[in-house]
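Input sequences plus hints: build the corresponding full structure.
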Amino acid sequence: VQALGRAIYDIPGLVWHGPADAFWQEAPPPDAELADCFIRAIAACLHVRGVFYARPGLDAAVAATVRRLHLNVLNAPLPEG
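For the sequence shown, the working numbering gives the first residue as 999, with consecutive numbering after it.
Just to be clear, a hint being listed does not mean it is correct.
To be verified - Pair by pair, the computed Cβ-Cβ distance ranges are: (1) Ile1037 x Ala1059: 18 to 24 Å; (2) Ile1009 x Ala1062: 24 to 30 Å; (3) Arg1053 x Gly1016: 44 to 50 Å; (4) Val1049 x Val999: 26 to 32 Å.
Calculated from the structure, these hints are not laboratory results. Positions of the beta carbon are idealized from the N, C-alpha and C atoms, including for glycine.
The structure is reproduced here in structure tokens:
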């Protein structure tokens, strides 16, 4: 992976920081364990379950968003329970 601008995932071990023309020949694969941890952290801190094209999913998304706002938990994991 190479980030050509600012990216939330621009972390050593996930992203190639070498020259763009060397990326395809020299870039190692991302660290698998770090990638897994990053994805889990993003899912826990930023992801809101639900969909925006069907009523049940929209209701779930609104409820989850309201819960985060009510608890003042933005960009952080929700407390257990």
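Hint by hint, here is what the structure shows:
1. Ile1037 x Ala1059: 18 to 24 Å: At 20 Å between Cβs, range holds.
2. Ile1009 x Ala1062: 24 to 30 Å: holds (26 Å)
3. Arg1053 x Gly1016: 44 to 50 Å: holds (48 Å)
4. Val1049 x Val999: 26 to 32 Å: Holds, since Val1049 and Val999 (Cβ atoms, about 27 Å apart) stay within the stated range.
Of the hints listed earlier, there is not a single one the structure fails to meet.
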